[in-house]
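Novice: As a plain string of letters, each chain reads:
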Amino acid sequence: MSSSKILELQQIKREFVMGTETVRALKGVSFDVFSGEFVTIMGSSGSGKTTLLNILGCLDKPTGGDYLLDGVNVSKLSRNELARLRNHKIGFVFQSYNLLPRTSALENVELPLFYNPELTTRERRERAMGALASVKLVDREDHTPSQLSGGQQQRVAIARALVNQPVMILADEATGNLDTRTSYEIMALMQELNQQEGKTIIFVTHEPDIAAFSSRTVMLRDGKVVKDSKNENVRSAKEALAALPPADDY
Amino acid sequence: MSTLNLILIALRALQRNKLRAFLTMLGIIIGVAAVIAMVAIGEGSKESIQSQLSSMGSNMITVLPASNVAGGVRIGGASYQSLTLPDVLAIQRGAEHVSAVSPVSSTKGQAIFGALNWPTTLQGVAPSYFDIRKLTISDGIAFSDADVATAAKVCVLGQTVISNLFPSGESPVGKVIRLNSIPLQVIGTLAPKGQSSFGQDQDDIILTPYTTVQKRILATIYFQSIYASAVSETTSAQATDEIIDILRGTHRLRPADENDFQVRTMEELIKTLSSTSSLLTILLTAIAGISLVIGGIGIMNIMYVSVTERTREIGLRMSIGARELDILLQFLVEAIIISVTGGLIGVVLGITTAKVITLALGWPTVVSQSSIVLSFVVCAFTGVFFGYYPAQAASRLDPIEALRYE
Numbered sequence: 353m354s355s356s357k358i359l360e361l362q363q364i365k366r367e368f369v370m371g372t373e374t375v376r377a378l379k380g381v382s383f384d385v386f387s388g389e390f391v392t393i394m395g396s397s398g399s400g401k402t403t404l405l406n407i408l409g410c411l412d413k414p415t416g417g418d419y420l421l422d423g424v425n426v427s428k429l430s431r432n433e434l435a436r437l438r439n440h441k442i443g444f445v446f447q448s449y450n451l452l453p454r455t456s457a458l459e460n461v462e463l464p465l466f467y468n469p470e471l472t473t474r475e476r477r478e479r480a481m482g483a484l485a486s487v488k489l490v491d492r493e494d495h496t497p498s499q500l501s502g503g504q505q506q507r508v509a510i511a512r513a514l515v516n517q518p519v520m521i522l523a524d525e526a527t528g529n530l531d532t533r534t535s536y537e538i539m540a541l542m543q544e545l546n547q548q549e550g551k552t553i554i555f556v557t558h559e560p561d562i563a564a565f566s567s568r569t570v571m572l573r574d575g576k577v578v579k580d581s582k583n584e585n586v587r588s589a590k591e592a593l594a595a596l597p598p599a600d601d602y
Numbered sequence: 079m080s081t082l083n084l085i086l087i088a089l090r091a092l093q094r095n096k097l098r099a100f101l102t103m104l105g106i107i108i109g110v111a112a113v114i115a116m117v118a119i120g121e122g123s124k125e126s127i128q129s130q131l132s133s134m135g136s137n138m139i140t141v142l143p144a145s146n147v148a149g150g151v152r153i154g155g156a157s158y159q160s161l162t163l164p165d166v167l168a169i170q171r172g173a174e175h176v177s178a179v180s181p182v183s184s185t186k187g188q189a190i191f192g193a194l195n196w197p198t199t200l201q202g203v204a205p206s207y208f209d210i211r212k213l214t215i216s217d218g219i220a221f222s223d224a225d226v227a228t229a230a231k232v233c234v235l236g237q238t239v240i241s242n243l244f245p246s247g248e249s250p251v252g253k254v255i256r257l258n259s260i261p262l263q264v265i266g267t268l269a270p271k272g273q274s275s276f277g278q279d280q281d282d283i284i285l286t287p288y289t290t291v292q293k294r295i296l297a298t299i300y301f302q303s304i305y306a307s308a309v310s311e312t313t314s315a316q317a318t319d320e321i322i323d324i325l326r327g328t329h330r331l332r333p334a335d336e337n338d339f340q341v342r343t344m345e346e347l348i349k350t351l352s353s354t355s356s357l358l359t360i361l362l363t364a365i366a367g368i369s370l371v372i373g374g375i376g377i378m379n380i381m382y383v384s385v386t387e388r389t390r391e392i393g394l395r396m397s398i399g400a401r402e403l404d405i406l407l408q409f410l411v412e413a414i415i416i417s418v419t420g421g422l423i424g425v426v427l428g429i430t431t432a433k434v435i436t437l438a439l440g441w442p443t444v445v446s447q448s449s450i451v452l453s454f455v456v457c458a459f460t461g462v463f464f465g466y467y468p469a470q471a472a473s474r475l476d477p478i479e480a481l482r483y484e
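As given, the protein sequences belong to chains A and B, one line each in that order. Each residue of the first sequence is one higher than the one before, starting from 353 at the first, in this note's numbering. Each residue of the second sequence is one higher than the one before, starting from 79 at the first, in this note's numbering.
Rather than coming from a laboratory, the hints here were simulated on the basis of the structure. Hints may contain errors.
[To be verified] Calculated lysine to any residue pairs in the SDA-like style (CA-CA distance at most 20 Å, straight line):
(1) B/Lys96 <-> A/Asp418
(2) A/Lys413 <-> B/Glu479
(3) B/Lys96 <-> A/Lys413
(4) B/Lys96 <-> A/Arg454
(5) B/Lys212 <-> B/Gly266
(6) B/Lys96 <-> A/Thr496
(7) B/Lys96 <-> A/Thr455
(8) A/Lys428 <-> B/Asp476
(9) A/Lys413 <-> B/Ile478
(10) A/Lys576 <-> A/Arg454
(11) B/Lys96 <-> A/Lys428
Treat the numbers as computed from the prediction; the structure is a model and nothing was measured.
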């Protein structure tokens, strides 16, 4: 069970037509992700990692190749079916959190459940509280984003990604706006979700530092996979956090 | 997505942006309230102008005897003696478009009180004459049908008569004056009416029951004229036709016979009245139109800005599983909630404003139902329409671009 294939990418191509020119952002990317993996996708700007992330997140469709998410061929789905898939199978975490302003943490976490018609109000609330509990923010449920620190906001965003019990969490530079300490805190949380709850995580980043916390790294360059390696020596974010010099402010 | 969820999402989104929602609503509130209040003021002025015009007796109809022909020579106007009480009663009974009718039997004479005297006109009329001529009693009372039945020696004085017979300012009510040696007790006085449009002093008059004049002074059964009032200015022509028909009947005229009477209406006044009221209607429509356009532009502006401002939110909602339809419906429901709530508040505010204006400034206002319905429907429609357009734009956004929108 634990090694079932969640993602299957076969020769994914994505071309953009800009006027008379055709930009080939992805030139045939193939790799599989198994359940329970913690994969970082790395690459410099222009390597095609954002394009790949959009395709993985069902926000965009490849112009060539097949993408199977949990056994479903995404390339053949309509926009509405894609929306349903995003709601049920994917949890997004963004660099800029994208929380709704002036809205409590709990309501932010609840948001994806509103687009899932099968749930009652009580189930929605319970699930949202559960997700907040797994990011250790139960006591902040009624705080609005402006009352939370960056790290806390990102944790709310992670809770929001978890609330629909997706098959994978897709993070786009999720630590990009955070300082080292908070980044490590977020990575520790990610590792915990991965190791203790068996969540599959795909983490897009350009910081090698962050990639060290994952179990596998896929390196992109110019729209192609140049390296796909298992990380034999996964660094523990918790230990890294402990090794940091104590906070020097105050 | 269920309807309940949809409404919940829209309500939360509005709650999150109370100020913006309120500003949007304000556009609608002001639009609706302005239309209702302006139209109420306009309608009020229209009605008061109309009532002033009709107080000039625009719905008045006068019946006079025709001129007599004696040996081929026409003898002056109204020289026939043809109008009698049965004519009056027949008009009262038979004319649907006539609201009141009164005979007039008048004579001239010298009114005497104490050492003072004044030459004036004594008009014998029915109590309904006060209505027809829009005369108001300023002091005392008017005479009644009972006074008519008994040919009572009572009278109501016009202001010119009062100022000549009672120069010291004492109240004439209760005093007895004499006219052509008949004593008449003053039971009321008329409010001043001033000159008529043809320069006649309308206050130089004494009113008394027509029976008093007919039996006690003139000893006649004929009237000099009959005054009637049509139900309204617009039915004046029908009323005239009815009166002609009835009088030809009571006078037993054969189809070939000429009328032995003449019926006159206040043609010119009616024309003035209808042109004034159509002018006012145009004015009102213009005011309402401008208010609605301004309200609509306000709504459009803020709705459009709201969608642009919320691009990222739309992107986020899409990324967590909102379908195009969900986004479209959310914005539409928001627009409907804002428009309808704003519209309702606007109606209340508009009516209140009209009432306050009446109380504070004493301007007459009439809140018309059509203005309420029109402004509410137009503003709600504008809100939804201008909400729909940006909502559609929002739902078509590419989630990736929307998420990156700064």
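Novice: Each of the hints needs a verdict: does it hold here or not?
Specialist: Now for the hints, and whether the structure bears them out:
1. Under the criterion of a C-alpha separation no larger than 20 Å, the hint pairing B/Lys96 with A/Asp418 is inconsistent with the structure, at around 46 Å.
2. Between A/Lys413 and B/Glu479, the direct Cα distance comes to roughly 14 Å. Compliance with the 20 Å bound is thereby established for this hinted pair.
3. Of the supplied pair hints, the one linking B/Lys96 and A/Lys413 is violated, its CA atoms being roughly 37 Å apart against a limit of 20 Å.
4. Distance restraint check for B/Lys96 and A/Arg454: the Cα-Cα separation of roughly 10 Å lies within the 20 Å cut-off, and the hinted pair is therefore satisfied.
5. Using a Cα cut-off of 20 Å, the hinted pair B/Lys212 and B/Gly266 holds, with the two alpha carbons roughly 15 Å apart.
6. Between the alpha carbons of B/Lys96 and A/Thr496 the distance comes to roughly 15 Å, so the proposed pair stays at or under 20 Å and holds.
7. Under the criterion of a C-alpha separation no larger than 20 Å, the hint pairing B/Lys96 with A/Thr455 is consistent with the structure, at around 12 Å.
8. In summary, the hint linking A/Lys428 to B/Asp476 is supported, as the alpha carbons are separated by about 18 Å, within the 20 Å threshold.
9. Taking the CA atoms of A/Lys413 and B/Ile478, the gap is about 12 Å. The hint holds against a cut of 20 Å.
10. Note on A/Lys576 and A/Arg454: the hinted pairing is violated, with a Cα-Cα distance of about 42 Å set against a maximum of 20 Å.
11. Proximity of B/Lys96 to A/Lys428 is assessed by CA-CA distance (about 42 Å); at most 20 Å being required, the pair is judged violated.
Hints 1, 3, 10 and 11 from the earlier list are contradicted by this structure; the remaining hints agree with it.
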